[in-house]
Every structure is written in C-alpha cells, then in structure tokens.
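Student: With the hints in hand, could you dock these two chains into one complex?
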Amino acid sequence: MASDDIYILGIYMTKFGKYPDRDTVDLAAEAVMAALADGGVTMKDMGILAAGCLMGQGGIGQMIQKQVGQTGIPVYNVSNACATGATALRTAIMAIKAGECDMGLAVGVEKLAGVGLLGASSGPKGPGKEWKATGRYGSVANTDGLIGTANMPGTFAQVGMEYGHKYGGATFELFAKISEKNHAHSTLNPLAAYNKRMTLDEIMNDIMIAYPNTRPMCSANCDGAAAAVVVSGKKLKTLSLEQQRRAIKVSASVLTSDPYQEACQVLPDVNTLTRIAAKQAYEQAGVSPSDLNLVELHDCFATAELVHYDNLMLCEEGGAVDFFNSGATWRDGKTPVNVSGGLESKGHPIAATGIANIWEVCHHLRGEAGPRQIEGAKVGLAHVIGLGSACGVHILEKSAL
Amino acid sequence: MTTTQVPLVDYLVLGDKPHLIANECTSCGAKFFDRRNACASCFATDFKKVEIATEGEVRSFTIVTFAAPGVPVPFVAAIINCGGTSVRANIINCDPTPEVVSLGMKVRLATYSLGNDDNGSEAIGFGFEPIK
Chain A
1 MASDDIYILG IYMTKFGKYP DRDTVDLAAE AVMAALADGG VTMKDMGILA
51 AGCLMGQGGI GQMIQKQVGQ TGIPVYNVSN ACATGATALR TAIMAIKAGE
101 CDMGLAVGVE KLAGVGLLGA SSGPKGPGKE WKATGRYGSV ANTDGLIGTA
151 NMPGTFAQVG MEYGHKYGGA TFELFAKISE KNHAHSTLNP LAAYNKRMTL
201 DEIMNDIMIA YPNTRPMCSA NCDGAAAAVV VSGKKLKTLS LEQQRRAIKV
251 SASVLTSDPY QEACQVLPDV NTLTRIAAKQ AYEQAGVSPS DLNLVELHDC
301 FATAELVHYD NLMLCEEGGA VDFFNSGATW RDGKTPVNVS GGLESKGHPI
351 AATGIANIWE VCHHLRGEAG PRQIEGAKVG LAHVIGLGSA CGVHILEKSA
401 L
Chain B
1 MTTTQVPLVD YLVLGDKPHL IANECTSCGA KFFDRRNACA SCFATDFKKV
51 EIATEGEVRS FTIVTFAAPG VPVPFVAAII NCGGTSVRAN IINCDPTPEV
101 VSLGMKVRLA TYSLGNDDNG SEAIGFGFEP IK
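If you read the protein sequences in the order shown, they are chains A and B.
Residue numbers for the first sequence follow the UniProt record's numbering, beginning at 1 and rising by one.
Residue numbers for the second sequence follow the UniProt record's numbering, beginning at 1 and rising by one.
Isolated chain B (complex conformation) (with noise of 0.2 Å):
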C-alpha cells in the first residue's frame, strides 16, 4: 500500500524540498497565509502564490508550559523571520527551554509525521529547528 501524505496546513509543501507558500499581493508585496479579497496593506486584489525562505531567525517565542487539554507541553511557540516574511511555528527538535532556544536564533524548516489515518494517508507537520 502507498502512503499518501497530507499536509498539516494548505500552506505547506511537501515533497523533496518541504516549504511554505503564500498569497503575494502583487501591487505591493505583502503576504498571506490565508485568503484575501483585497490587500489589508494597500487595498489591490491582485494575488499571487509564492514560496516563503525555508530558513529565518527567531524574532520571538515563548515556552508553552500550561495548555489546552490535549495541547502536549512543553512546547515552543515562535515568530520566525523567513526573508522578511513573519511566520508562526514551533520550535523543534531541540530541548524547549530558554537556555536552548533564544531570541535571533537561526533555524529551518523541518517536517515531521502526526500518524496515519484509517486510509494508510499520512499528514505532516512542520517546525523549525536549530540550524546548528
């Protein structure tokens, strides 16, 4: 049986180069993760689909240590600056405290499995992690 995977959100990527896309308001550059009818920026109704720098650095985070039922803590919630794109993620694969995760930290892009459905179909999720 082949797996198909599925990704965590419409806005990833997968394949053999994992990325993130966004609409570009074509007038005057700014981004979207989501669906506009008009720019929030400049008002234009012009959009276009493009890739978002697989690497950034961190412009903030914290470390989540009290959640929702089913939200597993600890877990580090961040902004990372991908090119002069702001993205929301987690931190990955690395020990979630301040003494390992901190403000200007360079990190990529990383995918990893949540689990298959009944369908054999798996979705992936994705975080960035330390560039070390």
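Isolated chain A, as found in the complex (with noise of 0.2 Å):
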C-alpha cells in the first residue's frame, strides 16, 4: 500500500428505518462509535470531523462530538443535498490528502420517517386582497403546479422520461421493473426499512406519485445514521495486519457540481455532473467500468437509476433501457446494481445515504456480506446525487493483503 493512498478503515450504518424514540444524536452516535470499533480505534485517534444532517439545525458535528468524545479537533458542518453523506467523506479525505491529520471521521445522519413529499411547496394561492408580484420571477402566486413542478417525484419522472424520449424504450413497465429488481434485491438486507419484495402487478399498480413513478419506486424516507473512519497509507501500515487487511482501499473520490448546460434552469441536468463525475473517478482509479463487481447507485426514483446506468458508463451511450432488460443489474447478472436493495427499500434518510452506500460496497469487499454477498467482489463504485446540483462518486478497492 501506498503510503499517500486513502482507506475506509471502519465504517458502519444503522438499520434504517422509524425510531421515534431516538433522535439525530443517538442514530448518528451509534453509527460513530460502531465505526471507531470496526476500526479499531477511539476518538483520540480522529484529526478531524465532518458531519452532516440536511433537514436538521446547524452544529451536528459538535452535538455529535459532546455524546462521543470532545478533542478539540475541527469539525465541518457539510451541507450539500443528498450528496451530503460523500461530501462529509471526501471532506474527512481532503484533510488526509493535506497532510493535515492521518486519521479523520465522516458521519451522515437524517431523520425522515414520516415528513412526506420532499421538494414541494404549497399550492397557489387563490385570488387574495392583491396579487402581488414577489420574488425572483415576479410571481403573483406560488407557480407549483402551476408552471410544472419541482417536488421530488415530479423532476425525477421528467429525468426519467427525457431520456426516453431520447433514445426510447422507456415506459412505464420498463421502469416498473427496475423497481422490482431493486424490492427483490432487499429482501436480502435486514438494514434495509423494506424488505418486501413485490411483483410488478403490484408496483404499476400502487398509488401513482408522479407518472411514471408509483409509490414504490419512489425513494423510502426513513431515519438512519451511517459513519466512516478514513486513514492514510502511511498509517495504516503501523497498524495490526487485521486492520490492514479489512481495510478497503478508496481508489477514487470525486465531487462535481452540474456544469452550465441549456435546459437546466427548467429541469436539473443530473446527466453531466454524473458523467464527469465518472470520468474523473475511473481515471483516479485505473479501473473501467467492466471491472466493478457491484456499484450503489442513487436511485431516489426508478426512473433515476436508467438514466445513471448511462451516465456511469456502465452501458453503452444510449444503452441503458437495453442494458437493464439484459438482465445485467440483478445481483446475478453482469453488473450487479443496488444489491442493497437502493433508495427504493433500504431507504433514503438523506445525509446518511452517501456513506451508507459505501459500507454497502465495503461489506462486500471484505466479504463479510452474509446471504447477499456478490463473490469474489474485488471493485465496487458508490454514487449519489444532490439535487442543485453535486455528485460523488467513490471507487473501493478491496485490501491487496
């Protein structure tokens, strides 16, 4: 090992899921001191904190800290929408990088069970005393529902269905079926909130949210809390062979932005950012996308999870629709997708969703998955998205020891 190179030395996530008698310090403690444990280490041993819970108050770092250990060290309140979790990660690995510490904490906890529809504003306003025209377009109403929507279902249904409308094949039971390979897959992970699998019959035929995408095949809000420990090469080297062995090898951390593209005023461009995002992460790593044994990919919605099987290049451009009726992204086929069972059923509680994807990918890599472990997982990639936009896209690479 290299000593410049960077590993996830102990990671962990919380069963996701409703705990209505425990609250963002508790979940996300949880997730730090099992983390330190599967490590092998203790807070003394930390040089720096990253931390991050979207929809909670600012500070979670030093709440966290006060129910876990108070060192003094510096702490970084992250905030970057569902990339939350990777940019707490790659927060803790820029330090490293820097020479700043050897040793340093990421932590993503989110409490989500139960608040409803993401991204939606109230209705427009009937004829009041006086429209008056407020805000950035002039507006003489709230404009969701009236001039398209921007709640969470709705953009993902038109991510979905741009790319449908411009390579085709992309219908409704197409997507339906992405959804039911990803409820399939969780019955295997008792992390997960659901672990019900469920025929097609049934996911076309819950509650609709926003064409194409029925209830199920939209992402679970649950709570959960999911915690990493990162070390250099240079320090994992004086550490037990145990812990060198076990530890996984982050062979590339990238975070982009969405660059400037025509359409994206209207509707967020999820396309390019995950693209570029992928380009950088396969070039860090030296490795293609035909080697990756597993990937996590962020299928807040099913029709999410088509559009990032091309932007992560697992297919050809243009390819994804082809790709998954393959049968490649079942956890028996080619390309092994969301094993974990995604966003769809192991739940999305969103500042924990960027490392709990990687301790799903680092599980298999030490080969510590249980009944859904993919054999002989050497590679895996874990990628979310934010809307806004930013993307992180982590390559792992199993231990050479």
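Hints in this document: simulated from the structure, not taken from any laboratory.
By construction, the Cβ of each residue, glycine as well, lies at the ideal position given by its N, Cα and C atoms.
Pair ranges (Cβ atoms, derived): (1) B:Asp95 to A:Gly119: 21 to 29 Å; (2) B:Leu14 to A:Glu317: 37 to 45 Å; (3) B:Cys28 to A:Glu173: 39 to 47 Å; (4) B:Thr26 to A:Arg136: 17 to 25 Å; (5) A:Met313 to B:Thr3: 51 to 59 Å; (6) A:Lys279 to B:Arg36: 22 to 30 Å; (7) A:Glu173 to B:Glu129: 22 to 30 Å; (8) B:Tyr112 to A:Arg331: 48 to 56 Å.
Tutor: See below:
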C-alpha cells in the first residue's frame, strides 16, 4: 500500500427505519461508536470530523462530539443536498490528503420517517386581496403546480422521461421493472427499511405519485445514520495486520457540481455532472466500468436509476434500456446494481445515504455481506447525487493483503 | 370598471400575442428567465430581452397525482423545447393522461385566468396546449 493512498478503516450503518424514541444525535452516535470499533480506534485517534444532517439544525458535528468525545479537533458541518454524506466523507479524505491529519471521521444522519413529499411547496393561492408580484420571477402566486413542478418525484420522473424521449424504450413498465429488481434485492438486506419483495403488478398498481413513478418506485423516507473512519496509507502500515486486511482502499473520491447546460434552469441536469464525476473517478482509480463487481447508485426514483446506468458508463451511451433488459443489473448479472435494495427499499435518510452506500460496497469487498454477498467482489462504485446539484462518486477496492 | 391584467410571472408578456421573454446573453446566446450577474455559460455580462417561440414540442413530462396541500392534481408538468429554449410549464386544455400526452407532442402557448383580486385585477397564467 502506498503511503499517500486513503483507506476506509472502519465503517457502519444503522438499520434504516423508524426511530420515534431516538434523535439524530443518538443515531449518529451509534454509527460513530460502531465505525470506530470496526476500525479498532477511538475518538482520540481522529484528526478531523466532518458531519452532515441536511434537515437538522446546524452544528450536528459538535453535538455528536458531546455525545461521544470532545477532543478539540476541527469540525466541518457540511450540507450538499442528497450528496451530503459523500461530501462529509470527501472532506475527511481531503484533510488527510492535505497532510493535516492521518485519520478522520465522517458521519451522516437524518430523521425523515413520516415527513412526506420532499421539494413540495404549497399550492397556488386563490385570488387574495391583491395580486402582488414577488420574488425572482415576479410571480403573483406560488407557481408549483401552475408552471410545472419542482417536487422530487415529478422532477425525477421528467429526468427519466427525457431519457426516453432521447433514446426510446423507457416505458412505465420498464421503470417499474427496475423497482421490482431493487425490492427483490432488499429481501436479503436486514438493515433495509423495507424487505418486501413486490411483483411488477403490485408496483404498477400502487398509488401513482408522479407518472411514471408509483409509490414503491420512490425512495423511502426513513431514519438512519452511517459513519466511516478514513486513514492514510502511511498510518495504516503502523496498524495491525487484521486492520490492514479489512481496510478498503478508496481508489477514487470525486465531487462535481452541474456545469451549465441549456435546460438546467427548468429541469435540473443530473446527467452531465454524474458523467464527469464517473470519468474522473475511473481515471483516478485506473479501473473501467467493466471492472466493477457491484455498483450502489442513487436510485432516489426508479426513473433516476435508468439514466445513471448511462451516466456511470455501465452501458453504451443511449443503451440503458437494453442494458437493464439484459438482466445485467440484477445481483446475478454482469454489473449488479443496488444489491442493498437501493433507496427505493433500503431507504433514504438523506445525509446518511452517501456513507451508507460506501458501507454496502465495503461490506462486499470485505466478504462480510452474508447471504447477499457478491462472491469474489474486488472493486465497487458508490454514487450519490444531490439536486442543485452535487454528485459524489467513490471507487473502492479490496485490500491486497 | 376596466379590468387590468397582471401576468403570473414577469417573463410572461400579455397582450394580443402572449409570449414569454428571456434575458439572452449577447455573447453566447444562453437564455435565462431570471436575472443573472454574469452568464452561467460564458461569464459575459451583457444581456438583452428576447422573445421565446410560442410553439414547441414536449421533451419531457410527468403527470403529478400527489402534491403539496393546495396544489390541484392531477396536472401535467412538462419541459417544452421552444425553438431551442427549454421552458417549464403545464400541458393544459387536454386530459392529463399518458394516452393523451406524449413525448415529442407539438404544443403552443395558451393563457388562462387565475381570477380577480379585490382591486379587480385579473392574474393571467400560461401553459401549453396540444396543436391539433
């Protein structure tokens, strides 16, 4: 192992679900304590803490310190939409790369059970006392529902439909089949919020949220936390052989934002920044998409998973529909995608997601994934996207020991 | 009493031929419905007002059936390619079903009343309707 490489030393995710009696600090503390224990280290070893809780108040990092150990290290509270967890992880990685410390901690936590529709603004006001123009667009009423929609299911439905318009073949049934796959995968994941296999009929006939996304095709709002301890290669060499054996190499850590595209002011472009991030990540890691043994990608909606097959270059450009129909992304396929069950069934406690997907990949690379183990997994990719937009891509590799 | 009309948003121009306007970068032609200090595409700082084509085709859509309280559903939210400029709008004056609304469908701008306020001022909204 090279001294300037970065490794995941310890990592953990809580079970995702509903925790009415525990707050964000409780959940984050569980993840932190377990990630430290997994790495065989303590808070005393940490040189930096990066933390995220998108819907919470500021200062989650310091609140976590007070729960598990206050050592005076720098804390970075990060917020980057659904890429918050990946951003926290990358912040810790950058501190190590900058030589400021040799070990760091990243944590993401969210309580979302029962919050309902995300990105929804209230409806247009009826004729009030006076039509008065306000805001950036001089609007006299709330425009969501009058001028298209910015709510999450509707936005990502349009992302998938746009792909269909460009390349064809993206039918309601196809998107539902993607969801069927992820719900089937979730039956093997005891930490998923939902483990129920659903038939195609059940998925297609469930409540329609925003065509073509029915309810089970949307990410599940739930509570959860995930944390990771990262370490420099130089420091790792001084640790035990067992720690070295279980450490997972971070071969690439990339964060991008959305470059200008013609339509990005009316429909967020989740494609270009993902494609750029993937390209950078493959170059950094020196691996190609065909080397990947598993991929955890950001299926916030079934319609999103399809476009990211293409954006992550798992298939030929324009070939995502055929790629899915070939069975490639099922757990026994060529490139298993979302064997955790994905956000649609594992759940999506926003700031935790970008570390939980890394946990899933590490779990397989360590050969510790039990009944859902992808046999012989050596290389994996984790992807998140936060609208606005931010995209995190990490490529992880099994220890050579 | 004469009724004055106000547009739902300031980039909707009312009158005999209602249309949308945008701030166009004089350097690269990128168009923005809101104000920018510099062009998001090329960073130039000069803009001029331009009219957006009132006919276009549906490049993406969704039928929203579950929304925040107060938003009437179902409605068709869409992205319309109007002569090279993408516009966000509802598809109106047709049934909100996937059998009626399709990708690539030709549409044109249409306006409708959002009602009067206490001063008798009428707000006018816009959407795109199928060209039969």
